[in-house]
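Taking my numbering, the leading residue of the sequence shown gets 56, the next gets one more, and so forth.
Because the hints were derived from the structure by calculation, they are not lab data.
All C-beta atoms in this analysis are idealised placements derived from N, C-alpha and C, irrespective of residue type, glycine included.
Please note: incorrect hints may appear among the correct ones.
Pair by pair, the computed Cβ-Cβ distance ranges are [unchecked claim]:
| no. | residue 1 | residue 2 | range |
| --- | --- | --- | --- |
| 1 | 125 | 73 | 17 to 27 Å |
| 2 | 59 | 226 | 32 to 42 Å |
| 3 | 223 | 70 | 33 to 43 Å |
| 4 | 122 | 228 | 12 to 22 Å |
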Amino acid sequence: SGTMTINNGLVEISADNGLGAPPGAFTANYLTLNGGTLRHINTAVVTMLNANRGVTIGASGGTINLPTASQILLYAGNIAGAGQTFTLSGLGEVRFQTNATFLAAGHMTFGKLVVDGAMYTLGQATVGGAEDTLGAVPVVATDDAITLQNGGRLRGNVYSITLDSKRGITLGTGGGIIR
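Turn these sequences into a full structure, and let the hints guide you.
Here it is as structure tokens:
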């Protein structure tokens with residue numbers, strides 16, 4: 056119970072309960088990643104991270120790692136941390152799902168998204184469309200608002216996606232795929 060902060064370290068879990076009992080109500084900063092990584096080691100096809108576990112990205116950024124391609128992590132909560140870099144790494148897929156209770160102005164409110172070898176699936180937001188699951192649109196054009204590297208994939212769960220022209224996409228080492 057309580058909150059958890061990962062400062063420049065690594066915490067491995069095989070299921071949601073690896074973080075302890077989930078809070079009974081949404082807790083905005085239940086898990087803080089500040090230079091730290093949350094690695095999901097269960098190779099089960101689909102695992103759900105409890106939506107009441109709000110995630111905050113600290114000043115040093117944060118990472119969710121899914122090391123195997125068979126992993127899909129579902130999450131319908133909020134990820135916040137204005138201006139910070141949030142990285143998805145590994146071979147697995149993170150699917151951020153719409154949850155009207157927590158969506159508000161944006162599903163995620165971090166500054167930059169790095170998809171490193173993993174797959175990021177856009178949710179179907181009820182306000183503003185699938186792009187809302189990427190968080191607030193940058194105020195000015197940002198070349199590397201999203202970085203795809205080492206085969207990282209950005210996928211819409213609708214037939215097509217439209218991204219704001221201020222949300223620049225950078226292809227890093229190993230490239231990436233948008234579909």
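Discussion item. Taking the Cβ atom of residue 59 and the Cβ atom of residue 226, is their distance within the range 32 to 42 Å?
Written reply: Holds, since residue 59 and residue 226 (Cβ atoms, about 33 Å apart) stay within the stated range.
Worksheet entry | residue 73 and residue 125 - C-beta distance against the hinted 17 to 27 Å | For residue 73 against residue 125, whose Cβ atoms are near 18 Å apart, the range 17 to 27 Å holds.
Practice prompt. Please test the hint of 33 to 43 Å on the beta carbon pair from residue 223 and residue 70.
Written response: Since residue 223 and residue 70 have Cβ atoms about 36 Å apart, the given range 33 to 43 Å holds.
Fill in: residue 122 paired with residue 228, Cβ distance criterion 12 to 22 Å
Holds, since residue 122 and residue 228 (Cβ atoms, about 19 Å apart) stay within the stated range.
Violated hints: none; the structure is consistent with every hint.
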